[in-house]
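S.K.: First to last, the sequence lines map onto chains A and B. Residues 1 to 358 in our numbering are what the first sequence spells out, letter by letter. Residues 1 to 457 in our numbering are what the second sequence spells out, letter by letter.
Hints are all accurate, no fakes.
DSSO-like, lysine-lysine: derived pairs with alpha carbons at most 30 Å apart: (1) A:104 x B:214; (2) B:388 x A:157; (3) B:214 x A:157; (4) B:214 x A:84; (5) A:84 x B:388; (6) B:26 x A:3.
Note that these hints are calculated values from the structure, not bench results.
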Amino acid sequence: MKKMLLCLGSLWALLALAAWFLPARAVDDAERRPLAQHPKTSLQTVLDGSFQSGFEDYAQDQFPLRQTFRQLKAVFHTYVLNQKDNNGIYMADGFAVAQEYPLKEASLEHALSRLEYLHKKYLQDSRVVMAVIPDKNYYLAPESGQLSLDYDALFEKCRLPWAENLDLTGTLTAEDFYRTDTHWRQERLFPAANAICQALGVTGPDPADYTVEALARPFYGVYYGQAALPMEPDTMYLLRSDLLSQCTVYDYESGQLLPIYNERKLTAKDLYEVYLSGPRSLLTITNPGAATDRELILFRDSFASAITPLLLTDYRTVTLVDIRYIQTDMLSRFLDFHGQNVLILYSALVLNNSTTMK
Amino acid sequence: MVFSSIPFLYYFLPAVMLVYFAAPGKLKNGVLLLFSLLFYGWSEPRLLALMVATILLFYLCGLAIGKTRRRSFLVLGTVLGVGLLAVFKYADFFIGSVNAATGLSLPMLRLALPVGISFYTFQCLSYIVDVYRGSVPPQKNLVSFGAYVALFPQLIAGPIVRYAHVARELESRCHTWEDAAQGARRFLVGLGKKVLLADNFALLIRLFRESGEKSVLFYWMYAAAFTLNIYFDFSGYSDMAIGLGRIFGFHFEENFNYPYLSRSVTEFWRRWHMSLGSWFRDYVYIPLGGNRVSRPRWFLNILTVWLLTGLWHGAAWNFVLWGLLFAALLLLEKALPGIQKLPRWLCHGYVLLVIAMSFVLFNADSLSQASSDYRALFGFGGLPVVTKVTLYYLRSYAVLFLLGILGATPLPRRIGARIAASRAGTVLTGLFLAAVLLVCTAYMVDGSFSPFLYFRF
Numbered sequence: 001m002k003k004m005l006l007c008l009g010s011l012w013a014l015l016a017l018a019a020w021f022l023p024a025r026a027v028d029d030a031e032r033r034p035l036a037q038h039p040k041t042s043l044q045t046v047l048d049g050s051f052q053s054g055f056e057d058y059a060q061d062q063f064p065l066r067q068t069f070r071q072l073k074a075v076f077h078t079y080v081l082n083q084k085d086n087n088g089i090y091m092a093d094g095f096a097v098a099q100e101y102p103l104k105e106a107s108l109e110h111a112l113s114r115l116e117y118l119h120k121k122y123l124q125d126s127r128v129v130m131a132v133i134p135d136k137n138y139y140l141a142p143e144s145g146q147l148s149l150d151y152d153a154l155f156e157k158c159r160l161p162w163a164e165n166l167d168l169t170g171t172l173t174a175e176d177f178y179r180t181d182t183h184w185r186q187e188r189l190f191p192a193a194n195a196i197c198q199a200l201g202v203t204g205p206d207p208a209d210y211t212v213e214a215l216a217r218p219f220y221g222v223y224y225g226q227a228a229l230p231m232e233p234d235t236m237y238l239l240r241s242d243l244l245s246q247c248t249v250y251d252y253e254s255g256q257l258l259p260i261y262n263e264r265k266l267t268a269k270d271l272y273e274v275y276l277s278g279p280r281s282l283l284t285i286t287n288p289g290a291a292t293d294r295e296l297i298l299f300r301d302s303f304a305s306a307i308t309p310l311l312l313t314d315y316r317t318v319t320l321v322d323i324r325y326i327q328t329d330m331l332s333r334f335l336d337f338h339g340q341n342v343l344i345l346y347s348a349l350v351l352n353n354s355t356t357m358k
Numbered sequence: 001m002v003f004s005s006i007p008f009l010y011y012f013l014p015a016v017m018l019v020y021f022a023a024p025g026k027l028k029n030g031v032l033l034l035f036s037l038l039f040y041g042w043s044e045p046r047l048l049a050l051m052v053a054t055i056l057l058f059y060l061c062g063l064a065i066g067k068t069r070r071r072s073f074l075v076l077g078t079v080l081g082v083g084l085l086a087v088f089k090y091a092d093f094f095i096g097s098v099n100a101a102t103g104l105s106l107p108m109l110r111l112a113l114p115v116g117i118s119f120y121t122f123q124c125l126s127y128i129v130d131v132y133r134g135s136v137p138p139q140k141n142l143v144s145f146g147a148y149v150a151l152f153p154q155l156i157a158g159p160i161v162r163y164a165h166v167a168r169e170l171e172s173r174c175h176t177w178e179d180a181a182q183g184a185r186r187f188l189v190g191l192g193k194k195v196l197l198a199d200n201f202a203l204l205i206r207l208f209r210e211s212g213e214k215s216v217l218f219y220w221m222y223a224a225a226f227t228l229n230i231y232f233d234f235s236g237y238s239d240m241a242i243g244l245g246r247i248f249g250f251h252f253e254e255n256f257n258y259p260y261l262s263r264s265v266t267e268f269w270r271r272w273h274m275s276l277g278s279w280f281r282d283y284v285y286i287p288l289g290g291n292r293v294s295r296p297r298w299f300l301n302i303l304t305v306w307l308l309t310g311l312w313h314g315a316a317w318n319f320v321l322w323g324l325l326f327a328a329l330l331l332l333e334k335a336l337p338g339i340q341k342l343p344r345w346l347c348h349g350y351v352l353l354v355i356a357m358s359f360v361l362f363n364a365d366s367l368s369q370a371s372s373d374y375r376a377l378f379g380f381g382g383l384p385v386v387t388k389v390t391l392y393y394l395r396s397y398a399v400l401f402l403l404g405i406l407g408a409t410p411l412p413r414r415i416g417a418r419i420a421a422s423r424a425g426t427v428l429t430g431l432f433l434a435a436v437l438l439v440c441t442a443y444m445v446d447g448s449f450s451p452f453l454y455f456r457f
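The shape of chain A in the complex, shown without the other chains (with noise of 0.2 Å):
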């Protein structure tokens, strides 16, 4: 009796002395956030509580080994406790999906209003044609037992009167997902980037025009931390051909030129942002090898950065709008609207939870 209380004394005053002496991390690089650092100490703080929430955050997360403890839990979770879901990411086919349910009606009326106001302010001579991206739950939830928003309730409210709604289930499958992130896999667009061009009445991407290229970085999706299960990151590519080699990008907020490409964003937290950079609020493709001197708007969310360069083959621009990060009534200011082509493209995701489209 003596001896087990001494090792589990031990263990137990190990991970003590660690929680009391370990320096304290800035960053949590797999949940992708910033960790609490050591509140403030002083009477006001005490007397008001704000030290004692603050230590609460702070020793949760700087415990020692929190990685480590936080696969613990979920591994406990799902395999032992048997759970459907951990944190509201389940586990389907090898991959990692976030729970998206029910269908937050609300959002998605803010979001068809922004869209609506969008219509009646620029849009109004444009061809307009709108796709909604169903997120990977769409795919494997059905099959897993899996809770999932009402698609065909969102698809359907989606149908916009002014534009000509693709449906794009048909040309994605779960494969064309990453596995340990939300977002949809570049190399494997070609169905979905030539049904957008034909809807828009363009030349869409010919396979043999591209060649793919792995990054040799691990890609260590977004729901790679949040899980906390044992998975393989994923491997990443990108599609290179001439026409995307001559093409710039201009960064209407850094007022830089940059690749289609930023090999700069290879070595950050999310290389999903070697596309296109990543979030932009505004941004101009200019394609001097454009087959036509037609011009494309596309207001969108991070999953057109991956695909936008496979519409590129008739556009001389492509302008991206993403409205969570500019407020529409400002766009005039930057944008000149002459009845160009539009495409809205969304994924469920967004539209689910809209509130920061502005």
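Got chain A; can you put chain B on it based on the hints?
M.R.: Just chain B now, with coordinates in the frame of chain A:
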């Protein structure tokens, strides 16, 4: 600060143990008092003065009663103690009820409810009554008395430790490896109950409340989940309190004895929150005359005790009704002694159904919510019998329900005892407890924080 948190388990507890075991014997109570006040002040820094005032009040009352044997000091202490409880816990309930009944709009006090006030007030009341009765001598050492009232293992969620039970250990107690090992084992079992079972049931209850696709079956799952949640939450806390007490050399009385095995509601209350039941028996029911009075008076005594039991749990009408429901059930069982002669399975089924239904009332935010919950449970809520969502959660929580049901029986203890008695028993027990510690830590690190249900009492 809750026991099932990283700050408690890896910061507070190592610090208190280090200082406590390094301190010489006569300073140990002082160490416990200081750390207990720190523990209390962590959650309630502005109400620390109330705790200190309570300690001083009952300490002086105890001395005065011991010296003079005058009833007036007992009355004074009781009135002040109950008065503080009434002001902090019941004033707004009373004002709200008066406003609702009369149409007045008396202003609410909106005072913060001091954590654990019901527990430590009851401990103090039992102390002065016991001193008045001459069952225990008054505690002359303020530090020892303060350590008794504020003792952090049981300060905020019980069990209600009577002074008489720990008076000798407050003066002098042994610290043995055996006690420490048993205490650690008990603490970890309680931690596992709380973190792995109660908190996961709490998650299901939250998902149920948030769900927009409820069904009759989902309501029954909710009732079952809350029944198990409150048991593992509260008995887990009691296990941790008893375990910690034992590490520090105290032997607290048991608070739970497998209540869901009961074959009658009467038996249930002998097994559930035993320290509260025995407190009301010894300090309210028997002084009122118990059952050695006329039949109407006996009825009144039972109603009074259960009305107070309900109110003790919370200042709301659903708690009042909850208490009175048990008064009615206990009277019914006394009137129909044949109930206990029914087949065992029927008796168990009756108790479990009644208890689960009572907890639906207990956990409702209002009487109207309780009414709506009952309608839905019995198919009058206009809900489908089952939905896809319900089946998802049923599949997802099936193992947890199974573990919860088995965990509410003596089976795990018997298995544990058999393993401990085997040749490799110590090693296996140690490995099991280490695994519990690590997995519970993993849950705490992952942020599944959930306060103890009984903190609000």
